[in-house]
Amino acid sequence: MSGHESTYTPNSGFEKWLDSRLPIVRLAHDSFVDFPTPKNLNYWYTFGGILAVCLAIQIITGIVLAMHYTATVDEAFASVERIMRDVPFGWLLRYVHAVGASMFFLAVYVHMFRGLYYGSYKAPREVLWLLGCVIFLLMMATAFLGYMLPWGQMSLHGANVIIGLFGAIPLVGEGIQTWLMGGPSIGNQTLQRFFSLHYLLPFMIAGVVILHIWALHVPGNNNPTGVEVKDVEKDTVPFHPYYTVKDGFAIVLFLIIFAGFVFYAPNVLGHADNYIEANPLVTPAHIVPEWYLLPFYAILRAITFDIGPIQAKLLGVIFMFGSIAVLFALPWLDTSKVKSMRYRPVAKQFFLGFVAAALLLGWCGASNPDDPIIPLGEDKLQVSYTTEAGVDGVAVFEAYDDAAAFRSEKLAEGSTASIAIKKASAFRFIHLAQILTAYYFAYFLIILPYLGLRETPKDEPDAIHKAVLGSAHGAAAVPAE
Amino acid sequence: MIFASQPDIQLFRQCCLRKKNVSDSQTASPEAVDEERRDFIHIAAVTATVVGAGAVAYPLVSQMNPAGDTKAASSLEVDTSKIPLGGEIRVLIGGKPFFLRHRTSEEIAAAAGVPLDRLPDPQTDADRLVPLPDGALNPAMLITSGTCTHLGCVPVGPSQGNTGDYGGWYCPCHGSHYDTSGRIRKGPAPKNLAIPNYEYVTPGVVKISL
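Just so you know, the protein sequences line up as chains A and B, in that order.
The first sequence runs 0 to 480 under numbering that gives the first Met the number 0.
The second sequence runs 0 to 209 under numbering that gives the first Met the number 0.
Calculated from the structure, these hints are not laboratory results.
Mixed in with the good hints, there may be bad ones.
With a straight-line cut-off of 30 Å between C-alpha atoms, the simulated DSSO-like cross-links for lysine-lysine are [claimed, not checked]:
no., chain 1, residue 1, chain 2, residue 2
1, A, Lys379, B, Lys95
2, B, Lys81, B, Lys95
3, B, Lys95, A, Lys312
Go ahead and model the full structure; you've got the sequences and the hints to work with.
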């Protein structure tokens, strides 16, 4: 925390010599050893440390994979297969890298929901939150770029869909698209630039992470009560050993789950189509992004209507990017002075609804938007025919035999006729996605601004140590909740 | 001025700083002396830096545009004489798919016989053909883009054994049906399969450009 005096005392002659020239040991000591940390942080607060481990794993495995990978359209797919079969431990490194991407996003989503719940984005931590949003954006860009590299079917066609989004921008869209692809379509040049940028961005993330930790260490950690540290003696404990051990324990648990995926289900979070080499002449029937981007994909596809002069396609893109942009504005949208939702009984309900909406949006993103969730009636068979005179007609049947007989009858008359399924009306994924998208935006733009003004919060504790120890001194410790 | 000796600066001040009252410049802090000249230097330096940064940024941004060889590969001459009757070939030009289909007389008749008011994107079959060098149309050869106008999937056709309800192409992604002229007839696609820029070099060879 700022204003916290350094307690580092160089012991050896070398430490003294170094400290007066580059006080790096002092910086580390003050940041990670004697850093005063609220004594009531729970396990939701361990995900920052977990994320640092994730970034390190991705960078280390990534650098090693790059030693064996070839970024050309003719060799990329084969070089990945070579990593899997021939390179010593290549299968392990690649599975750790691929599963690691999913674990990274899993951890970042928990970390972000934690911040949302305990109001960690509020003054004086707005810059900390903004830097986190920048890291999240960079992570999504890095993941998207990296998914292209195996040059599988989903790599190519998924990238095609995402780059196609830029085509929806009026006037300059097509120019931007060509500029991004470096040609009329995704080709060798696109793969090479994606590889270059995929290698660059993690180091940019690492840079912003340093700023993120810096911005954390100026006001110090938020905590589950949302009450600021008032008395460093009573409210805090040193980061080491209290939180190095707590974080370390959480990291071990997290790595067990991580290893479970790597060794028992390395492909369960991926898509089978990406084990087919990219072929621009064959489109996979169902193009979906990786699971961690599904909620945003669902928002993109939920917009099927025009608003005024803005076409649905562009509007979908605006909503998708808007769903991330709104996170940047959050510190100024939430009007409540109370940080932690422990003391905001109404906001807490809406928050849980928001978590549910985000998860269900992921489900919508993974599903075909036209598939029914709740069918309202039975699907029927519809025979459409055109007589020789050019008259159109339609007949609906329940059984296939009747429909087929009718079709043969019409064909015998010299008409053209075909059978198609007439879908019964239903509550479909597209409808659910539209409702959830509305809730997603309402949560940030209506509920949080309005609730902060209207809600009566519960009493916050006066100080962190009182919440931890209970109000009566010497009494048995009472959990805050 | 780095190389100017101290007397030079004194001389420069004496001859060039007449605008300001001498007693003023003696009492004011050194930064306040000759403010307009300092401003000018600041503006000039910042401008030069911005222009320089722009000059450096331009090639760094521009290098991502299509390269010379990529642009050069944006057209292709295709021999259409070997396409079997009722069959099609698919070519990639600059990574984009195109269909070249040798239509049977039934397919041509079906394409020509459809009244325009029954088409979501009305276009006659003749509008979708390009004349031979002698000016005549060659309805046996239909050349279209291979990109579905809905979301950019590649439709299947005679080579995949599925030509949809109208005998042309069928897009498996979201169920768009195209007829034997490549026109949208049913499904979510809004437009007909696009006709690329192409010309007949000879009656049996077409040159398709992006």
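Taking the hints in turn, this is what the structure says about them:
no. : hint               : verdict
1   : Lys379/A / Lys95/B : violated (38 Å)
2   : Lys81/B / Lys95/B  : holds (22 Å)
3   : Lys95/B / Lys312/A : holds (22 Å)
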